[in-house]
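Here are the chains, one letter per residue:
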Amino acid sequence: MTEINSIGIVKANTAYFDSPLTLKSGEVLPQFHLVYETYGTLNADKSNAVIICHALSGNHHVAGKYAETDKNAGWWDNLIGPNKPLDTNKFFVIGLNNLGGCHGSSGPSSINPETKVPFGARFPIVTVEDWVDSQARLLSYLGISQLAAVVGGSLGGMQALQWTIAYPDLVRHALVIASAPNLTAQNIAFNEVARQAIMTDPEFHAGDYYAYNTVPRRGLRIARMLGHITYLSDDAMGEKFGRKLKDTIKYGFDVEFEMESYLRYQGDKFAGEFDANTYLRMTRALDYYDPALEFDNDLSAALKVAKAQFLVVSFTSDWRFSPARSREIVKALLDNELTVSYAEVTAAHGHDAFLMPDAHYHAILRSYLQKIEV
Amino acid sequence: MLSSAQNNVNNTNLMTKYRQDFAIIAGWVSFGSKVLDLGCGDGSLLQFLRSGLETKGYGVEKDDANWLACLQNGTNVIQMDLEAGLSGFEDQSFDTVILSQTLQAMHNTEAIVQEMLRVGREIIVTFPNFGYWRNRIQITRGNMPVSKSLPYEWFNTPNVHLCTIHDFDQFCKNHNISILERKVITDAQEISFMPNLFGNLAMYRLKSQ
Chain A
1 MTEINSIGIV
11 KANTAYFDSP
21 LTLKSGEVLP
31 QFHLVYETYG
41 TLNADKSNAV
51 IICHALSGNH
61 HVAGKYAETD
71 KNAGWWDNLI
81 GPNKPLDTNK
91 FFVIGLNNLG
101 GCHGSSGPSS
111 INPETKVPFG
121 ARFPIVTVED
131 WVDSQARLLS
141 YLGISQLAAV
151 VGGSLGGMQA
161 LQWTIAYPDL
171 VRHALVIASA
181 PNLTAQNIAF
191 NEVARQAIMT
201 DPEFHAGDYY
211 AYNTVPRRGL
221 RIARMLGHIT
231 YLSDDAMGEK
241 FGRKLKDTIK
251 YGFDVEFEME
261 SYLRYQGDKF
271 AGEFDANTYL
281 RMTRALDYYD
291 PALEFDNDLS
301 AALKVAKAQF
311 LVVSFTSDWR
321 FSPARSREIV
331 KALLDNELTV
341 SYAEVTAAHG
351 HDAFLMPDAH
361 YHAILRSYLQ
371 KIEV
Chain B
1 MLSSAQNNVN
11 NTNLMTKYRQ
21 DFAIIAGWVS
31 FGSKVLDLGC
41 GDGSLLQFLR
51 SGLETKGYGV
61 EKDDANWLAC
71 LQNGTNVIQM
81 DLEAGLSGFE
91 DQSFDTVILS
101 QTLQAMHNTE
111 AIVQEMLRVG
121 REIIVTFPNF
131 GYWRNRIQIT
141 RGNMPVSKSL
151 PYEWFNTPNV
161 HLCTIHDFDQ
171 FCKNHNISIL
181 ERKVITDAQE
191 ISFMPNLFGN
201 LAMYRLKSQ
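For the protein sequence lines, the chains are A and B, in the order given. Just so you know, we're using our numbering here: the first sequence kicks off at 1 and counts up by one. Just so you know, we're using our numbering here: the second sequence kicks off at 1 and counts up by one.
Keep in mind that the hints are not guaranteed to be accurate.
Only part of the chain B face toward chain A is listed, based on derived beta-carbon distances under 10 Å [stated by the list, open to error]:
1) Trp67
2) Val77
3) Val146
4) Asn156
So the derived label-pair ranges between C-beta atoms look like this [said to hold, decoys possible]:
5) B:Gln209 to A:Lys307: 49 to 57 Å
6) A:Asn43 to B:Leu180: 32 to 40 Å
7) A:Gln196 to B:Gln92: 54 to 62 Å
8) B:His107 to A:Glu294: 37 to 45 Å
9) B:Leu53 to A:Gln196: 32 to 40 Å
10) B:Ser208 to A:Glu192: 45 to 53 Å
11) A:Phe295 to B:Ser208: 24 to 32 Å
12) B:Gln209 to A:Thr339: 29 to 37 Å
13) A:Ser145 to B:Lys62: 56 to 64 Å
14) A:Val305 to B:Gln114: 49 to 57 Å
15) B:Lys173 to A:Val374: 50 to 58 Å
16) A:Lys246 to B:His107: 53 to 61 Å
Worth flagging that the hints you see were computed from the coordinates, not collected in a lab. Note that CB positions come from ideal geometry on N, CA and C, so glycine has one too.
Whenever a hint applies, use it, and build me the whole structure from the sequences.
Right, here's the structure in full:
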């Protein structure tokens, strides 16, 4: 049975772009395609479009199911649907898989039209700026000239921020959630360990593992396990798993603690469905994003061009994208006298909190989105 | 959960109806100016200033339910704890910074006043006058005062730094703060005779010397 307020059955579409896209690195993608989904209806004056920018491991399947029998709905289904905080009775919501992704958009695992084999290591490094540029292409492909809002959490929040810098006239509202204006050294360090796990896996074959009919499973699995540790708070982990054992202590190295079982499960699941080359590129995009860099590290100067109205949200127990980092964004917006509200949500779930249906958090998003005129 | 948040908001609305200080504050704020309201509650004062004087600016509020009420009535609101200072705000970036009936609940009283003077070209501070005669009577009877302006028992009051008008005048002198204007009111009446005895609410417009 379909859940109440679910958007229901959805399907993915693909948009093909034949004009070249020059990337921040200087490399050029002569052509590319983006896979996307939409929910709700675009209104007559096309003023109700909202784009959802995904984080590290997200994709275009944001809400709904492909079939009634699907076990899971889209990754942000608790937010999006009829009468949900992001109400599809009001908004036309667009989810897409970013360039370099592994869920259907052009990426390392897709076929290079020139060579007829997967791009692999030859797929260029893409950045947050490149993603936003490609998203702007998707917008004009859909015939939309301005977004009611751009919404993103974590790496998605960086894209939302970038939208307001790169396309100030195209964004009316930006919801920047559990994000940061750049990564801290600690965050880059975590990303580097994840990449090393992948690149030192003997099955990696310098990124061209497709040709060997294999995948660097072990590396990807460890990368994901590491990620999961950092997405949760110590308290949330303690509450969920504590020192609970699956059975008894066996004096060996098999799974004995529930915590281990959870990490191995998450790692295995992820390694079975995600592409290692994409993981490398997503973490690199995170590392590189730093809009203040060209402005002598002055974020306020970087945001001078922005015109959007902002909602910035952070979570108290998020130590990967801590409230202090969100406050840096808020300060830069205040310096530019932009319209901004900032919420610091008390939540125990760490970075993962931005995907949880916490009542106060959802009330914030609902209230903000309700006030947007379409 | 939601209904208790709703109750808080309703209570705050009810309380703001009795706030005597809005009109006087409005008289001290220029048309179209940039205002920062610290401890802005449900945003009523900023709404009042916005509608009458087309001010722009932000509220600062810690409480979740009040914060949400601000968002819902279109007040820009920043959730943070004033005790940590105003590090997110640049020097002299606001025409007026307001601390309305919150000073007495601050732990870092000196720090917040200095921060306000740093961020605002002028500041407005209002507080319940502990020297008000009704408070003095309750003290002489041997009890901590409980009244409309001090509606708490000693054991549950958020007020940790209550002071009199004399005390605050002295505070300004000692901290090189110029008093541009001072108004003292009781039940919406301005008090000029023996304000420290007959005044219930003290209101100051201040700037750095």
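Here's how the hints hold up against the structure:
1. The beta carbon of Trp67 of chain B is positioned within 10 Å of a beta carbon in chain A (closest approach about 6 Å), and the interface hint is therefore held.
2. Checking Val77 of chain B against chain A: minimum C-beta separation of about 5 Å stays under 10 Å; hint holds.
3. Interface hint status for Val146 of chain B: violated, as the beta-carbon distance to the closest one in chain A is roughly 31 Å, over 10 Å.
4. For Asn156 of chain B, the interface hint is violated, since its Cβ never comes within 10 Å of a Cβ in chain A; the closest pair sits about 22 Å apart.
5. Checked against the given bound of 49 to 57 Å, the beta carbons of Gln209 of chain B and Lys307 of chain A, roughly 39 Å apart, lie outside it.
6. For Asn43 of chain A and Leu180 of chain B, the hinted distance range of 32 to 40 Å is not satisfied, since their beta carbons lie about 51 Å from each other.
7. Separation of Gln196 of chain A from Gln92 of chain B is about 48 Å and departs from the stated range, judged on CB atoms against 54 to 62 Å.
8. Our hint of 37 to 45 Å for His107 of chain B and Glu294 of chain A holds, since their Cβ atoms are close to 41 Å apart.
9. Hint check: Leu53 of chain B to Gln196 of chain A, Cβ distance near 59 Å, so the stated range 32 to 40 Å is violated.
10. Distance hint for Ser208 of chain B and Glu192 of chain A: a CB-CB separation of about 48 Å, consistent with the stated range 45 to 53 Å.
11. Our hint of 24 to 32 Å for Phe295 of chain A and Ser208 of chain B holds, since their Cβ atoms are close to 31 Å apart.
12. The hinted window of 29 to 37 Å between Gln209 of chain B and Thr339 of chain A holds, with their beta carbons roughly 34 Å apart.
13. Separated by about 40 Å at the C-beta atoms, Ser145 of chain A and Lys62 of chain B break the suggested range of 56 to 64 Å.
14. Look at Val305 of chain A against Gln114 of chain B: about 34 Å separates their beta carbons, and that is not inside 49 to 57 Å.
15. Restraint check, Lys173 of chain B to Val374 of chain A: a C-beta distance of roughly 55 Å satisfies the suggested window 50 to 58 Å.
16. For Lys246 of chain A paired with His107 of chain B, a C-beta distance near 48 Å fails the hint of 53 to 61 Å.
Hint compliance for this structure: hints 3, 4, 5, 6, 7, 9, 13, 14, 16 are not met, and every other hint is.
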